[in-house]
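*Asks:* Fit chain U to the given chain Z structure using the hints.
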Amino acid sequence: MNMHSLILRTAGHFLLPLLLLFSVFLLLRGHDEPGGGFIGGLVAAAAIVLYLFSMDTESARKVLRVDPRDVLGAGMVLAVLSTIPGVFLGQPFFTAQWWEFTAPVFGDIKLSTVLIFDIGVYLVVIGSVLTIMLNLAEAED
Amino acid sequence: MNMSVALPVILPLFFGALSVMFWRSHFAQRSLGVLGTGAMLLATIWLLMETWEHGHVVMEMGSWPAPFGIVLVSDMLAAIMVVLTGIIGFATAIYSLSGIGKMSEKFGYYPLLHLLLAGVNGAFLTGDIFNLYVWFEVMLVASFALLILGGERSQMEGAIKYVTLNLLSSMIFLTAIGLTYGLTGTLNMADIGAKLATVEDTGLVTVIAMLYLVAFGVKAAAFPFFFWLPASYHTPKVAVSALFAGLLTKVGVYALFRVFTLIFNQEVDYTHEILLWVAAGTMLTGVLGAAAHYEFRRILSFHIISQIGYMIMGLALFTPLALVGGVFYIMHHIIVKANLFLISGITFVMKGTHELRQMGGIYRTNPILGVLFLIPALSLAGMPPLSGFFAKFIIIRAGIEAEAYWVVAVALVVGLLTLYSMIKIWAEVFWKAQPEGVEGEIHDVSSGPMIWMWIPVIMLAMMTIAIGLYGEPIYQMALMSAEQLLDPSQYIEAVLGVQE
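Protein sequences appear in the order of chains Z and U.
Using numbering that gives the first Met the number 0, the first residue of the first sequence is number 0, and each one after it goes up by one.
Using numbering that gives the first Met the number 0, the first residue of the second sequence is number 0, and each one after it goes up by one.
Simulated from the structure, these hints should not be mistaken for laboratory data.
Predicted model only: the values in this text are computed from it and were never measured.
Wrong hints could be hidden among the right ones.
Computed spacing ranges between beta-carbons, pair by pair [what the hints assert, rightly or not]:
{"hint": "1", "chain 1": "U", "residue 1": "354", "chain 2": "Z", "residue 2": "134", "range": "52 to 60 Å"}
{"hint": "2", "chain 1": "Z", "residue 1": "109", "chain 2": "U", "residue 2": "100", "range": "47 to 55 Å"}
{"hint": "3", "chain 1": "U", "residue 1": "25", "chain 2": "Z", "residue 2": "138", "range": "19 to 27 Å"}
{"hint": "4", "chain 1": "Z", "residue 1": "84", "chain 2": "U", "residue 2": "351", "range": "45 to 53 Å"}
{"hint": "5", "chain 1": "U", "residue 1": "197", "chain 2": "Z", "residue 2": "108", "range": "42 to 50 Å"}
{"hint": "6", "chain 1": "Z", "residue 1": "130", "chain 2": "U", "residue 2": "101", "range": "43 to 51 Å"}
For each residue, glycine too, the CB sits at the ideal point set by N, CA and C.
Isolated chain Z (complex conformation) (with noise of 0.2 Å):
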C-alpha cells in the first residue's frame, strides 16, 4: 500500500520520532493529567500506520523491528505481572506499591506498580492496533 505522495511521505519520516515521544509523554503524564497508557499507545500505533500509510507493509514491518504479537504479548504479561508485588508485602492483588525518591536531575520521582501497569497497557494497544492494521494492508497487496 504506497500512496506515493512525496509530501505524505517526507512528513511521515519527520513525525514519527516526534510522536513516538509524544506517546511517551503522554504515557508518563498520564498518572495526574490526561494521558495514559490506553491514548499513549494510541499515538504510538498512530505513528507505526503513518509510516506504513506513507511507505508499505515491508518498510513499517522494519522500523517496528519486532513482530507486534510479541509486544501485545509482552504488554499482557507486564500488566499482570505488576498486579502481583502487593501480596507479597501480604496486601490484596492489585495494591499499589510506590517508591519515592529524589535524582540529581529530575528532582523528586514517584515510581509505581500502576506505572509497569500502564506501560503494560501502551503496549497491548500498540501490539494489537498495529497487528490488526499491518494484518489487513497485508491483505490488501
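*Replies:* Only chain U this time, still in chain Z's reference frame:
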C-alpha cells in the same frame, strides 16, 4: 490475607498472556495450556477448601474498601462453580492436544481459552454487579473469537446470532444496573441487597428484577430466550463446544441464583412464580427440540436448554431442599454435558460426520467408547446410580414437598423424553449397523496422537460415577451453599463487615 479467592482469576490471565508471548511455538502453547489449566484447577480446589472452612472468603482488590472498591467474594456456590470451571478447563486443555489442530492454535486458540476461563471465574467470584457485567463481556469477546476459529460459513452464521442476542442481553443487563444504581447508589451486590430491603418503591424493584431475569435468561438460554444456543453451539470445534456447553450458560444460571437470592428476595411469591413458569417452559421446549433433531451436537445443545430448566426450577421453588437440588444439578450437569460433547468429537473423528443417520456400528468396533457414552447419557436421563439420578431426585422431591405438582409432572415427562433422545443417539451411533453406501471408519482413534481425547472423557465419566456412588460430600457442599443462599445476611456481613 487470603489470596485463594483471586488466584482462579489471575492464573488464567497470566497464562493467557504468556501463551500470547509464545505464539510462535505450538509446543509452548500446548504445555502452557495444560499447565495453566492444571494450576487453575489446583487453585480452585484450594479455594473450595478455604470456603468450606470459613464460609466466605473475601478480598478487596487494590485495598479499596467495600462497598466502594471491587471485592472478590467466594461463598460455597461460587467456590463449587470455579472448581467445576477448573475441571472442565483442564479436561478441555488435554482434549485439545489432539483435537484442536494447528490452524486454530495459530489463530490464538490457547490465549482465548485462558481468557474465557478468566472471564468465567471472574463472573463467579466478583461481588460487584458492574464488574459482573465486565466479566460477561470478557467471556463474550473470547467466546465469539473461539466460535469463529476455523472460519467456516456455518460458524459465521452461528456466531452472528450468538453475538447479536448476547449483546442485546448485555444492553438490558446494563440498563438494569443503571436503574439499580439510581435506586440504591451502590454497585456492590451485598450493599444493594442490604439497601433494597429498605426501598419503598417495590414496583420499581420488581421491574428491575424482571430486567435482570431477561438479561440472565438470555445468557442462560432459558425459555423463551434460548434460540441462539442451538443455532450456534454445533458449529465450532468440538473442544470449544464442550467448553461452552459446560460453562457459559451456567454463568447465566449462576447469576440468576446470585441475584434472586441475594438481591431480589422480598417479593418471592411474584418473582419466583415467574421463574417457575420459565423453568417449566425451558425444560419442555429443550427436550422437544432434542427429540426432533438428528445431528449429534444439535441434540446435545437442545438438552443443555432442557437441563437449564431443572436448575431454574430449583431456584424457583426457593426451599432449602430445592436449592440443594439446583446446585447439585449444576454440578452433575456441567461434568456430564461437557463429556457428551467431547465424546461427539471422538465419534466425529471416527466417522467424519455428526449426522446420526450416517453413523453406526461403533459399538461393534469400539465397545469401550459405547460404554463411555452410556455413562453420561444415562446419567443425563436420570438413571440410578449415576449422578443425574440424585440430582433429579432431590429436585423432584423438593417440588412435591412444595406442592408444585404440575412442575413435577413436567420434570418427570422431560426426564422420560431425555431418556428417549439419549437412546436415540445410542441406537443410531453405536448400536445399528453401519448404513450402506456410507464410508465406514475413517480414522482409528484407539491409538497414536488421538489418545489425548480419551483421557478427559474417561476422567469425566469416572467423576459421574463417583458423584452417584459417593454423593454424600457433594450433597453436603450443596447443602451448605443452599443454606448460605437462603440467608443472604451472611454474605452481606462477610463483604461489608459488621458495620450493618
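*Asks:* Kindly confirm whether 42 to 50 Å is satisfied by the beta carbon distance between residue 197 of chain U and residue 108 of chain Z.
*Replies:* holds, 49 Å
*Asks:* Please check whether residue 354 of chain U and residue 134 of chain Z have a Cβ separation lying inside 52 to 60 Å.
*Replies:* At 36 Å between Cβs, range violated.
*Asks:* A range of 45 to 53 Å was offered for this pair. Does it hold for the Cβ distance of residue 84 of chain Z and residue 351 of chain U?
*Replies:* holds, 52 Å
*Asks:* Do the Cβ positions of residue 130 of chain Z and residue 101 of chain U conform to the proposed distance bound of 43 to 51 Å?
*Replies:* violated, 19 Å
*Asks:* Holds or violated: 47 to 55 Å for the Cβ distance of residue 109 of chain Z and residue 100 of chain U?
*Replies:* holds, 49 Å
*Asks:* Quick check on a hinted range of 19 to 27 Å for residue 25 of chain U and residue 138 of chain Z, using CB atoms only.
*Replies:* holds, 24 Å
When held up to the earlier numbered hints, the structure conflicts with 1, 6 and fits the remainder.
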